[in-house]
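Enquirer: The chain contents come next:
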Amino acid sequence: MQKLLKAAVIAAIASLALAGCSPTVDNKTVVLVTHDSFAISKTLQKQFETESGYKLKLVKAGDAGAMTNKLVLTKDQPIGDAVFGIDNTLTEVASDNQLIDGALAAIDFGDVCLNYDIDWFAKKNLATPANISALTSSKYKNLTVVSNPASSSSGMAFLATTIAVFGEEGYLGYWSKLKANGLKVVAGWEDAYFTEFSGSSGHGKYPIVLSYSSSPAFEIRDNGKSQTASILNDCYRQTEYAGVLAKAKNPNGAKALVEFMKSKAFQSELPESMYVYPVDESVSLPESWAKFAPAANTLAGDELDVAGNRKVWLKAWSKLFE
Amino acid sequence: MNKKALGWAAPLIFIGVLFFWPLGNILSKGFVGDWLFHLLKARDWQITWFTVWQALLSTFLTLVLAVPGAYILYRKKFPGQRAIRSLITIPFMLPTIVVATGFTIFRDATHLWSNPIVWIIAAHVFLNYSLAVRTIGSFWMSLDLQTEEAAALSGAGHFRTLWSISLPQLKPALISAAASTFLYCSASYGVMLVLGGGQVHSLETEIASAANTLLDLPKASALALIQTLLSVIAFGISQTGGRANIGIELGEHDGNVKRADRRDWLAILITLPVFVLLIAAPMFQIVWKTFTEGDGFVANFVNLTGRGTREILNLSVVDATLNSLRNMLISASIALVIGVLVSFLLALPTKNRSSVLIVRVLDVLFLLPLGISTVVLGFGYLVTFGGYPLPLRETWLVVPLIQSVMAVPLVVRLIYPALVALDKSHLEAAATAGATRWQILWLIELPMIRFTVYTAAAFAALVSLGEFGAASLLAYGDQATLPTVLYSLISKPGGENYGMAMAASTFIMLLTFVVVFVISRESPREAKAKRNGLA
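Each protein sequence line maps, in turn, to chains A and B.
Anchor point for the first sequence: position 125 equals 146 in my numbering, and the numbering is continuous, going up by one each time.
Anchor point for the second sequence: position 192 equals 313 in my numbering, and the numbering is continuous, going up by one each time.
No wet-lab data here; the hints were simulated from the structure.
Keep in mind it's a predicted model, so treat the numbers as computed, not measured.
Okay, derived cross-link-like pairs now, SDA-like style, lysine to any residue, Cα gap no bigger than 20 Å in a straight line: (1) A:Lys76 to B:Trp517; (2) A:Lys96 to B:Ser149; (3) A:Lys336 to B:Ile168; (4) A:Lys205 to A:Ser154; (5) A:Lys285 to A:Ala311; (6) A:Lys332 to B:Leu160; (7) A:Lys226 to B:Gly317.
Chain A with its partners taken away, still in its complex shape (with noise of 0.2 Å):
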């Protein structure tokens, strides 16, 4: 019995003495801290390991929210070498915490507008909304859904949205004529998308839903069009941007892959990868988004200070919700 135990005790301590020896991450390795829906293709990620002579290694942070508080949890003692994702809403937190070595440097951008159902609009014979002010006129009662902006990114956004539209003093009085008007709110994007919206793959019945001015491009049917639009006024554009992470282990890893982000081998990847519009305007976009998904005619919100403003904004917007 003693002998067991202490085999017991000896097999605990020994356990967790094996998982404090973790590999060294070595001067040849780059780790790149990044959200979840960060993707890289295979061949681009050897061509940046042949080219620079690192080894690219992904940790995924949770989304971009979730992925800032950490960095500035472990600032100290950070969980890479390099960033990417950190979003216009964000920068002000990465800069008052001191968490980039340089500048941060722009990549990419994706504009968050209203998306809407081709063939359910032809369906109706009804006209489409041309902006968002339109979405409370009665032709429209309960057709939209959006995400709640306490939960979800592109919530926040068209939150900012509005009130860059209707101001600091309009744009509550907007969202309770919406809320009158049989608006849905559900927690996050793909509830939203893939749950409630007539046009993609969950066959919802909501016909308008808040995505990205991108999203149209990966909704084409045999018929070679696209079953959805976006209303391009009145979107918010979201840029993302990488940069070498204060207290790197290898900082010069981290600069030579911000350095790759900004290349045009992976600014052209973009819109395949993770459906945004790379910032390098020389770059082509594909043909599907030519056609079907281009960027936002008219932006809103870009002035707004969210990250100063976020709490009180989505304290005022909650009263209305609950």
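Go by the hints and put chain B onto chain A.
Expert: Here is chain B on its own, set in the frame of chain A:
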């Protein structure tokens, strides 16, 4: 006493290092500034109250439905029973987004109840039903049936037998099932968020939004403290129910289990609709979508074996499955060993009041991981295991280790009441015959409660297989697990991704079924003994 203290050392080191250290670390970082202010805010207490009552209601409904379910699935036998037992276990580990997708089968019924809380509670029952059925059922199966049969022979009806004989005997299992279900429901995150549209707030959703969206650590820490207190109080209340260490005679075999017959109509009448409507229908919806969405059934699965045509996954689902299975084996083994050891030590006879108190404290220490926010614990890991002395953060072992921490309470809740309820006369006889305490546990006690041990193993495996929070805590590119792959599929537009996500869900359900089916199978020796009528 010395031996006992030494025995406690291993599990205490385990839970201390892997749970209380990181938790204490992150809470102490949060207890700055206005954190105390959050403990006093009315809104937070409102949210706490909602968390409590919805968890109580979910627990109550789960238990009411689980008792007849346990009766018909474990106390009686019928053809196809094992398959159904395994089927009802699947929901326990389904990722939330899959649960929500499954629940869209009720979408046309939502005008009946437009209140999302109804659906949240229904989903809680959906998720926890199998845990309760198995906790109660495996215990019931181990009970000697003579008392019940004697009562039936002397003319007591089914209800009277249930009410005055079975339920009191089942009390330890009922309390365990209630405690686990309550803690799961009070810390439920995904269901609350998705089915509540982000507009229903519980402690856990508030903690997650404070930590992830508002980057407000003091608020998250204050709420996590309330959450911890809630778990301790719930535990305390469950203990006032008293422990039924009254030496119930456990049957050593299930050879005399009778076939279900007409007199079991009520149990069947309750269990059949629960199974068909609540458990099978949402799962059917997922499988159905695998056939109808994306590129069709076969193509969806073929797509899964690659990294997707646009390579949005960092590894194929095959690799992710291997990662998941590896994590499952490691974490379930650790959780079983630690859980059995803790249960054994907790069940040892106590000599005086102060040692009773010590045992209670130890008991609650090993229960707490069930009721704590994974977000908070995940942050704790990040700040604690970054470097010296334990750079755990960098290794893939962190995922199975954190999963085993979450599974230990479940194993203890299952094994401990069964050990306590064992009739002690066998043990005394064995001890007189010169067997050591360890031999008694290994050779007599564990075989006697083997159904409970199988159940504990199955759930420890499922906690790992379905766990998303810890796996996504820091998912190294090549270490992604099935749930994290599923999530990255469903967070991109396009029919192909959706089809693959549905195929991945179907695959996860199938894998769960196989794992549970295999773990709960009888050993060939037992099966043979049964066939020969010797069991």
